[in-house]
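**Q** Take a look at the letters that make up each chain.
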Amino acid sequence: MYRYIVKRILLMIPTLFGAAALVFFLMRLIPGDICVIRLGSGGTSFTEQALAACHAEIGFDKPLWLQFVNFVWGFCRLDLGTSMWSGKPVAYEIAARFPVSLEIAILATIIAVIIAIPLGTISALKQNSSTDLVVRTFAIAGIAAPSFWLGIISLLVVLDLTQIFLGKPWMPPIDYVPLWQDPLRSLSIVILPAVTIGYRYSAVAMRMTRSAMLEVLREDYIRTARAKGLINRIIVNRHALKNAMLPVVTVIGIEFAFLVGGLVVTEQVFNLNGVGRLLVQAVQNQDYTLTQAIVMLIVTISVLSNLVVDVLYAWLDPRIRFA
Amino acid sequence: MRIRALLWEVGLVVALAALPAAAQEEGAKYGGTLTYMIPADAPPSFDGHREETYATIHSAAPFYSTLVRINPYDPGSTTDIVCDLCTAMPQPSDGGKTWTFKIRQGVKFHNGDPLTAADVAASLNEIAFPPPGVLSPRSDNFMMVKDITAPDPGTVVIDLKFATSAFLPALADPYNWVYEKKILDRDPHWYEKNIMGSGPFKFAGYEIGQSIKGVRNPDYYQKGLPYLDGFIGIFAPKQAVQLDAIRADRAGTEFRGYPPSAIDQLKQQLDGQIKVQESDWNCTLGAWINHKKKPFDDARVRRALTLAIDRWGSAPGLSKIAVMHTVGSIVFPGSPLAPSKAELDTLAGFWPDIEKSRAEARRLLKEAGAEGLSFELLNRNVDQPYKYLGTWLVDQWRKIGLQVTQRVVPTGPWFAALRSGDFSVGTGGSCHGIVNPPIDVQTWLPLPVNKGNYGYFEDQKEIDLYDKMLHETDPVKQQDDMWNFVKWVLDDQAHIIQTLWWYRIVPLRSYVNGWKIGPSHYLNQDLSTIWLSPPQCGKCGSEPSPAG
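In order, the protein sequence lines correspond to chains A and B. By this note's numbering, the letter at position 85 of the first sequence is numbered 85, and the numbering carries on one by one without gaps. By this note's numbering, the letter at position 459 of the second sequence is numbered 459, and the numbering carries on one by one without gaps.
Chain B with its partners taken away, still in its complex shape (with noise of 0.2 Å):
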């Protein structure tokens, strides 16, 4: 069954890339401005290469374009790459090693220079290969590759160390913004603080702190996009502010997503006026278990730990007041290689029997000499999702005898006891721009290879399961592997807690149209499909006009 589903799934993939990535939608309007919100302060920077944050790609990504991308009309979809500069999706060579992308010809930078091939390497070596002084915290994402290069301005040739699964997702990462080489090679810097791309928006202002502008590039090569004739995105870290700006139309929408509290009271100051679009996330919060720290060194302590939360009961409650929703392992529950829900209910704290579940874990707490054990939980004093999970977490662990308290600190002081190893169970977890389970779950690999794994743990078998996870090119066998380390990282070690996925609502104004919800909060944010109904679309065209 599940090989039949995968077989499906890659023939799905071939016939959608096949198809052109821009084809215009019935019904579309040309003109008009969309307003919309960015809940959160302006980003340190707008260079896509060297941040982390959402707010860098939802006031950036409209300026710029990428070799590859996440289908903008399916973006559901975790495997549906297809071109944005490149002509067609390449099949590999060299067993799966060699990717030969073919550029478009005639692409303009937004400053009239000519796009090249050249100018795709340089931006992907950016990234890949950092130069000195340059900062890419993504660079891992791309230790598959081995070199870059552009041996004529149509073509990009891609090497890699070795064949996986890994790789085309990791090129189609939102963040992969291309550059213009020219630029690059005289400050490797200057797109901290300048805009200058070729996607389907001209820059037109920067207030600082405040809203970008963007205005319609007429030169896009994606024939007939975009729709509108620019966009004002408004920076606006607090949520109340955010939906008063919503119901009272001072924006369209909004693109990361509220809670479903949040949703239910625009729906009912907004009778008519407002739709929603929903998605699982490619986010999940759950908490490090300090392997230093004693007796959680004990694997059967961790073990109850885990078996204590009642995810699949919890889940419908705390999916209504929280962005919390999907019971899932550390693979996001809408990719192929994810646990089938009988492979989940095997795993330590997923048991379909919550009383069975305790039972075994005061078991293994009074087996370890651990009962009544008291300690606190780190957690961030941030409201969606980490003061509800902390809450949540202290309750369910009460039940099987912890004593457990919340220690609710700041960001910068959380990072500060994770990172010094001054706590003994920390919350903590993983977001991703795109859905790439063999990187995503790097995030729970041990040390030395993660210097970011806060539960301070050494495991050499982990590593092998997931090496052979990651080299493994056969779909089928893929999940196998994963399936051996999601089990042996979750189950038998229980190095980690894993608990729910979150789940976005994203509202939008009844007159918004042509944007279609992703997995993660950073995917198809170009806006080039938007377009808006009558009045706001102004003169409201079925072309462009001349003048853009």
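Just chain A, with the same shape it has in the complex (with noise of 0.2 Å):
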């Protein structure tokens, strides 16, 4: 098992030094100078003197291999380098916007799992009856809705509700802080888009949830339990659904590596200072550090979670030994 996980491991640095230079040449490609957007996109004009200043000033003057050496060079040393945009760390620009995007993603896995499980598995039980239906067209239009979308009406039915009964409209506040610093406050803001996003997350969670109980439920081993007589509740906790949350913990697992970088649309609709919105902002601004810096960082955590989802796999099901 130890051999496996140190394996993994060391299979980590192709997979990052591959992902490093696909997104430090992809980003190149893009057309564009981030000092001409920084000094034009205003409206205003600049000088040449101004724009070369500018270039100098963040190291554009180097070589294109330089460049990349530093970049790659950089991050095994875990020093990001600085934002070409705001003259900062990258880590410190990462680390202000992380705890936001670390608990939407918590609170939204929370909730999917909390959703997604027990109704995917009554799903399973009561195949093909009108609970069933109820249960996968609440799933299917889970995975239809876009979460901007939802996210939009979701605010707009609390500000038009809260106008209805209280007579004047509410929305979270805007302005995050730290769970530590506030709890109840720091929910109040990332509920309605954890609520948001933990839906469609559940959606996904809920199928894979009804259709492994369903193979589970037609297994051998089910029916010798059954036949043995053991009581129905025992058989789907103790026997059926450990065994279907196999597939389900690999998405749950590939969903919350998207979470921590992904929640791109969502949290510019509910004006959250996270990750995702950094990563828009970094390309935009065609700012390579901060995008390549954000870009590793979604894949790191990818590698990592598909990691501790196989060795969940062990746990949940020991007939898997890794050699």
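One or more of the hints may lead you astray.
As the list claims (entries may be wrong) - Computed Cβ-Cβ distance ranges for the label pairs, DEER-style:
no.: 1; chain 1: B; residue 1: Asp219; chain 2: A; residue 2: Ile143; range: 56 to 66 Å
no.: 2; chain 1: B; residue 1: Lys108; chain 2: A; residue 2: Gln67; range: 37 to 47 Å
no.: 3; chain 1: B; residue 1: His471; chain 2: A; residue 2: Asn70; range: 47 to 57 Å
no.: 4; chain 1: A; residue 1: Gly87; chain 2: B; residue 2: Gly313; range: 45 to 55 Å
no.: 5; chain 1: B; residue 1: Lys238; chain 2: A; residue 2: Gln163; range: 12 to 22 Å
no.: 6; chain 1: B; residue 1: Lys223; chain 2: A; residue 2: Cys76; range: 30 to 40 Å
no.: 7; chain 1: A; residue 1: Leu304; chain 2: B; residue 2: Arg398; range: 54 to 64 Å
no.: 8; chain 1: A; residue 1: Lys62; chain 2: B; residue 2: Lys193; range: 18 to 28 Å
no.: 9; chain 1: A; residue 1: Ile106; chain 2: B; residue 2: Lys238; range: 38 to 48 Å
no.: 10; chain 1: B; residue 1: Asp464; chain 2: A; residue 2: Gly87; range: 33 to 43 Å
Said to hold, decoys possible - Some chain A residues close to chain B (C-beta under 10 Å, calculated; not the full set):
no.: 11; residue: Trp85
no.: 12; residue: Lys168
no.: 13; residue: Asp220
no.: 14; residue: Ala227
no.: 15; residue: Phe270
Keep in mind the hints are simulated off the structure, nothing from the lab. Using N, Cα and C, we set each Cβ at its ideal position, and we do this for glycine too.
Given two chains presented individually in distinct reference frames, assemble the corresponding complex, making use of the accompanying hints.
**A** Listed below in structure tokens is the structure:
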């Protein structure tokens, strides 16, 4: 087991290097210039001297291969460099945003798990019944509705309902406070986006739970358990659900990794200052160092969460042993 | 008529300059914290000398002072410039080439250090003559300045190379913040990451990328100001979020402005709890015509493009859905140097009879052998007003038989295409912090004097006309010179396509008072004159609390 984990960690190196090369060169294929955006996007004119000074300041005058080597070497030393846009350390820029994204990701995952596993299980147990139909419709609607649309609608609904029932419109605060500073305020800020994302997330996990449960419920050992006269609750909870969880855990793991850096639109809709919004800004501003660092962060989280999922497999299914 | 209007305006400027800059507003209350939306992502830095984005102004202007500024009680005027750190508006000597400013005594920076003329001179020098490694995108605004000195702690002397009406507005640019010389000498980049000025509010905190906070400066030199205990500016680039926040009273206002449709919706939702202020806006968007691409090197084709556009007929409709509003030349319509309506009517594309105008456009295209011409309009992927402008222009050009498609790309590739010349016609415009037409029209100057000319044309006559206008000190003659310049650029050569000037509509919750709109979203943003009605003002005193 330990050898397997070490091997997987070592395999991360070429994956991360490949991702680094890809993001570094893809970013440079986009036409444009961070200095021109910075100096000219307000509509005002600027001098060529100002442009040259800006280029020199951010190190654009160095050859491309040297920029790449510096980037990879910096990443190896956990030095992500300096944002070309703000001049601040990239680690500082990301660290300021990471708690928001992490809090939403965790809360959305909790919401998704709370909704998906019971409903998916009930839906499988009552296959083709009206309950199953309702649950499946709920799940399909969750997959079909884009998160940003759901976000906008949920905000408008809250505003309109509070206007109707309280006499004045209300919406959650828009300046984020970390959970450890003011838990209630923090939760009131992130609950709406977490529910919005959690719903879509739960829909995916719910469908996976249902199909995995249906498959497991048809297995011989379940039939044997029934023949032995075990009560249905024990069959479902102890024998079926645990085994059906393997694909569900995979889905949850992949989605979680996506949520940490992928809430691009939802963070914009709710004005949350998270990693996803930072990534959009970085790409729009053509801030190469910041974009590279965020993409590498997302890749690292994805690789690590896959590793965690694989380790969880062994715990969930004792038959799985890693060589 | 025009001469009389100009003389009246000059007289008004002199009279207003004599008024004290700060006078307590009747009924104003002290106290409370104003929360407002900053409709942008956080700025790259807080250094006003180096940044171009209004996000820098909207977040950090309340912390700083300037030598002179547009009168905060009359920001709608384009010429009412008053003292901020100086004691009285000076009369220039040496034929308008030497300006001597007396600096207020007893002004302190927020760190307690005294502010002297040396600080003012050092700050202005950094903008006008940036040392190596220091970015100053507005240094060209001071091209008339020879040197800036502080002969004693209470005096700043600015010597000009030539007298020009462009100097005083350039000096009143809202970005010209006064920094402490001691800090600039030690590290000219210090102000990029730190805030320390002498303005009405002291820096109280910055949540990176999210919000900025200020608290009242009890030692502020403008007596009786500011009224607020503090402010919180929240960065929010999405319009829907800003509007929701104002609706739910999470914010009292947003100072940049919205299109009419958004304002109408807010008014409907907040019946009686919202007020709006409106103004023409010193921003305009039109189109660059790339003279290096055939057949756009032919003035007849360029004239046809501009003649096809029904500015007078379209403005009322466009202004309902977009920030585009006022028909005008390349000179801001509210400026004394702007052409009259009668003059405008004679310019290509501004004729009152659009059918006649389009018939002439078709004739010119035929004469130039460019009938049914097909080309692509390069546009920026920004809603207001780029996409509205693009769609409108394509429609207008189709009415003279042109086949035009749009290529809408993000800001980076849009700039890249403009700068590489890889386009035929591309959207472009200008937006300025203060109305200063002799400087503002530099955007349209030809190569090689203006490297940012994306029309890629050279035109010595245009440069000569500009220089004559810039150096003219007689207001009436300068207006004539400006008219000759405008006519040459927009009519004779049709170098660029000028469309409509923008219009600002700013919503304020009904408890937000004391702020006046100006023709630029960069102006009047130090928040010192703003006060809140009860209960938002808290204890709502008629005097500031001793603790500030």
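**Q** Hints first: check each against the structure and report whether it holds.
**A** For each hint, the structure was consulted:
1. B:Asp219 with A:Ile143: 56 to 66 Å: 60 Å, holds
2. B:Lys108 with A:Gln67: 37 to 47 Å: 45 Å, holds
3. B:His471 with A:Asn70: 47 to 57 Å: At 50 Å between Cβs, range holds.
4. A:Gly87 with B:Gly313: 45 to 55 Å: 48 Å, holds
5. B:Lys238 with A:Gln163: 12 to 22 Å: With a Cβ separation near 21 Å, Lys238 of chain B and Gln163 of chain A satisfy 12 to 22 Å, so the hint holds.
6. B:Lys223 with A:Cys76: 30 to 40 Å: 59 Å, violated
7. A:Leu304 with B:Arg398: 54 to 64 Å: 55 Å, holds
8. A:Lys62 with B:Lys193: 18 to 28 Å: Check passed, 23 Å falls within 18 to 28 Å.
9. A:Ile106 with B:Lys238: 38 to 48 Å: Given range 38 to 48 Å: violated, Cβ gap about 25 Å.
10. B:Asp464 with A:Gly87: 33 to 43 Å: 42 Å, holds
11. Trp85: 5 Å, holds
12. Lys168: Constraint on Lys168 of chain A satisfied, holds at 7 Å.
13. Asp220: 55 Å, violated
14. Ala227: 59 Å, violated
15. Phe270: Nearest chain B Cβ about 7 Å off; hint holds.
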